[in-house]
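**Student:** Taking the hints into account, I'd like the entire structure generated from these sequences.
Just so you know, the sequences run in chain order A and B. Residue numbers for the first sequence, in the working numbering: 1 to 610. Residue numbers for the second sequence, in the working numbering: 611 to 908.
Hint data in this document are derived by calculation from the structure and do not stem from the laboratory. None of the values given here were measured: they were computed from a predicted structure. Keep in mind that a hint or two might mislead.
Some chain B residues well away from chain A (every beta-carbon gap over 12 Å; in silico) [unchecked claim]: (1) L661; (2) E687; (3) K720; (4) S742; (5) G791; (6) R836; (7) W857.
If the Cβ cut is set under 8 Å, some of the chain B residues that face chain A in the computed set are [stated by the list, open to error]: (8) P693; (9) F710; (10) L821; (11) E850.
Simulated crosslink set (DSSO-like; lysine-lysine; CA at most 30 Å straight-line) [claimed, not checked]: (12) B:K680 / B:K628; (13) B:K829 / B:K777; (14) B:K743 / B:K720; (15) B:K720 / A:K2; (16) B:K628 / A:K2; (17) A:K2 / A:K296.
From the three backbone atoms N, C-alpha and C, an ideal C-beta is built for every residue, glycine too.
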Amino acid sequence: MKAAVLIASRELRDRSRLFVIAAAMAIVPFAAVFTVRENRPLAIATVAAFIAAAYTCSLALMLGVSTVGRELTERRLSFLFAKPVSAPSIWAGKAVSALLTVLGAGVIVILPAYVFAHRGWQDMWSAGGKPVIAYATGMSIMLFFVGHAVSTLLRSRSAMLALDFAMIAISAITMFSLARPLLLGGGRDLVLGMLAIAALAMLLLFAIAPAWQLAQGRIDLRANHRALSTFLWSGAAIVLIACAAYTWWVITPPIDSMTEHFAVEQSRAGDWVYVSGQTPGRGQYLASFIVNTSTKDRERIMVSPWSRVHFSNDGRTIAWLEPAELLLPRGHTFRLYTRRLETGAEPVVSPLELPMPREAALSDDASRIAIIRANQIQVYEIATGNLLGAATVTTGDLESMIFAAPNLVRMVERRSPSAIGMAEFDVATKKFTRTPDRPHRPGHAAGLQLTADGSRVFLRREGTIIDARTGATLVTLPLTSDKPFFNAMLRDGSAIVTRDSKLYHFDRNGALVAEIPLPVQRAGVAAQIGASKLLLGVTGQNPKQWRMLIVDLTTHKVVTTVDQVLGPVPSWNGPVLREFPDEATLIGMDASRKLVMWDARTGKKRPFHS
Amino acid sequence: MSATIEAADLTIRYGKKKAVDEVTLNVGSGTVYALLGRNGSGKSSLVRCVLGQLRAAAGHVSLFGEDVWKHRARLMERVGVVPEDPDAPPESRVRDLAWFSSCIYSRWDKIAFDRRMQRFAIDTASRFGELSKGQKKQVSLALALATSPEILVLDDPTLGLDVVARKSLFEEVLGDMADRGITVLVTTHDLGPVEAIADRVGMLDRGRLVLDEEVETLKARFRRIRFANPPMALAQANFEAATVRQWGTGTEAVVSNYDDVAFARLRNESEMPVADVSPMTLEEIFIAVVGEEAGVRS
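**Tutor:** Laid out in structure tokens, this is it:
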């Protein structure tokens, strides 16, 4: 300790010229008096802060590069090593003196301006100037330590330098690889925190590594390089291992620890459920799982929170998109992942790069994808990325797109603010056809619903069902807008309207088939159950009002009621009403916002995580 | 006499190159040991290793019986060093260097340092980098001696100095030795003054210690013999010739195991017309041992 203080003291004396230069620089800001007419104190303070920041940073770099490296190169470090002084004391003394020189020089530059233009400093603080000083101080410290390390490595001119560059590359790639799953899971806050802690740990390593370097290398430049590299990269490896452990901990939360559910989707077959949500201590990171409600198999999958998860209509595949550019997670190209809904199956990434997910549709078996790109509709085979067919499409925004058949893609286009139109592309013949424009009130895609075969389009706000091929009106439901209503089109083209506490069932020709009383007001259509049942849901701010109903359209009765449960809710992921089998186990959220499974036949609930 | 400096099977490498190759040497307490060798023979590397500044690839070095690599900082309290190239910070003033040393060494002798500075006529307000080469060496020596060392290591202390400066430097060392009887390890090319003070000498040749002996013994066994005949007779007397060369019409040989009795017998038996048998200086022995014409070394 004493030796370190003595070394620092001696070196500070030797660097007295740098303080003289700083004093000369301290006069420069006052030249602003002659060049600025308004708020001269602020101008003086700003110039002083800028000069101080520039001077301290460049001084820190210069001292970092020369403090030990130059003495090693010029064989002058033996002066201290021939004395009863330990290597850590040598480094501590040199580092302290260098940092005191840097910070002292900065204070000398600032001090006159601070004293004589105090009001300017106050103005600058209030204008956000404080962080500049803090950043300059932090940057100076960092430049000193990193400058020393880089100087030692470069001065040795050793072949080990190649190894250092390789380690830098490996560390960067490893860090990127560790950050990737966190970013994909929306844990940007975690990545920033992890990077900040890793950077601080590395700075600490850079600060203490030279003590080890000098203890092991002493006056031998190459031995210094070897010791420094060994220490730094060993430390970096520990930091990376810690980051890897942290990343692993974040991305592998147990499913039953999930507290906030971000998305819950259920496959058409009903067996598989996709759940994503937040877990304690993991910030904004969203964990994603697929769970088989029959076998209780649960598997973690990596899905971005901004990705759209889609179950194929055959219920056998889950698909999702991830941004192709990780650093621009809201960029415009995505990669498509598919995973068979089988225990132990691995996700498969398609070689395709896709545009915005809104302009894409999956075939029922998830083997094909249709996308709109550069005024073209393109249909690809997902596994190979082969283009199966393409055609030029006319202008217009896409409202909905669906595979009506493996070789037939149907679209609803928004052709103007007040008109829509239908179009279809036959993949086999490469033929693209369009219907004439049809007036339609401006609205969201959710205002449209298609049958699973895409043959009918339900304009829900108007209560009109049209032929998807010709655009001709098929049915106009007798709706009035005096009271709120919900509606949906079923698989067979018939339609449901709920209003007040009544459910109206219209056949595919628009004739009223049944009027069924409901025990609740304002129930929305969530899904079709089996051949003849309907799942209705009652939402609300108060979870105690939540209720799910199953209505038998044959007997015209409510057959199952589940209170204080909401879900499955209508999917926002497709234009087709979802369907579940009669015996499906359904997923919802209870009043305490915990996931529950309930039996579609009996309405019996049980905890999801049981 | 216990060994103050001890090196055992010491090997120093720079990459694949061996600078010092399995050297073993012992320097007893109070001994003046002159380590000689040509440029690049490994002297400075050996000295740096002895000072714990350079790590040996193999073998070990101890000072006062302690491993110098492990306990360097503590051991340097008892060691004064005059390096080959003056290594003090050039920006530091001489008085600051003295102040720094006085704070670090518990046995700092301020009076001795000041006296030496007066004797060398060096202004202590001068910056070290502004001094002449000779003055730098003098300051380094004064700094080293003022620590009251038990071991003084002089690594080529007279390199680049003029005759007067060399003489002054060695006088200082001799004076201090007379006062305290310190152990000295000196490497030098300046063999004249060393011959006068060295008790023992070691010679390094391409990293190997080819000779390690008391100076008096060394000088006693080395002789230059000049004679008219070819040198076959030398072998009959079991003389080992370090060098043999033509000398006029005769031969000059340096023998490394000279013995008066053996030589008299040889002369009588072979009726050899001996022209001259002369003792050799350390410098001449050095040339014979490690010079271009060196043959048998010991």
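**Student:** All the hints need checking, so say for each whether the structure fits it.
**Tutor:** How the hints compare with the structure:
Not every Cβ of chain A is farther than 12 Å from the Cβ of L661 (chain B); the closest lies at roughly 6 Å, contradicting the non-interface assignment. At roughly 4 Å, the least C-beta separation between E687 (chain B) and chain A is not larger than 12 Å, which violates its mark as non-interface. The beta carbon of K720 (chain B) is kept farther than 12 Å from every beta carbon of chain A, the shortest such distance being approximately 16 Å. Listed as outside the interface, S742 (chain B) is consistent with that label: its C-beta sits roughly 18 Å from the nearest C-beta of chain A, beyond the 12 Å cut-off.
In this structure G791 (chain B) is separated from chain A by more than 12 Å, as the shortest Cβ-Cβ distance comes to about 22 Å. Remark: the non-interface label on R836 (chain B) is consistent with the geometry, its nearest Cβ contact in chain A lying 45 Å away (cut-off 12 Å). For W857 (chain B), the shortest C-beta to C-beta distance to chain A comes to about 44 Å, beyond the 12 Å cut-off, and the non-interface label holds. Residue-level restraint check for P693 (chain B) holds (minimum Cβ-Cβ distance to chain A is 6 Å; threshold 8 Å).
The restraint placing F710 (chain B) at the interface with chain A holds, with a minimum CB-CB distance near 5 Å, inside the 8 Å limit. Hint on L821 (chain B) is violated. Least Cβ distance to chain A is approximately 27 Å, over the 8 Å limit. Contact between E850 (chain B) and chain A, as hinted, is not supported at the beta carbon level, the nearest pair being about 39 Å apart and thus beyond 8 Å. Proposed proximity of K680 (chain B) and K628 (chain B) is supported: the alpha carbons are some 23 Å apart, at most 30 Å.
About 23 Å separates the Cα atoms of K829 (chain B) and K777 (chain B), which keeps this hinted pair within 30 Å; it holds. Between K743 (chain B) and K720 (chain B) the CA atoms are separated by roughly 23 Å; this keeps the pair inside 30 Å, and the hint holds. Restraint check: the Cα-Cα separation between K720 (chain B) and K2 (chain A) comes to about 20 Å, which is no more than 30 Å; the hinted pair holds. Between K628 (chain B) and K2 (chain A), the direct Cα distance comes to roughly 38 Å. Violation of the 30 Å bound is thereby established for this hinted pair.
For a cut-off of 30 Å, the pair hint linking K2 (chain A) to K296 (chain A) is broken: about 67 Å separates their Cα positions.
Violated hints for the displayed structure, listed by number in ascending order: 1, 2, 10, 11, 16, 17.
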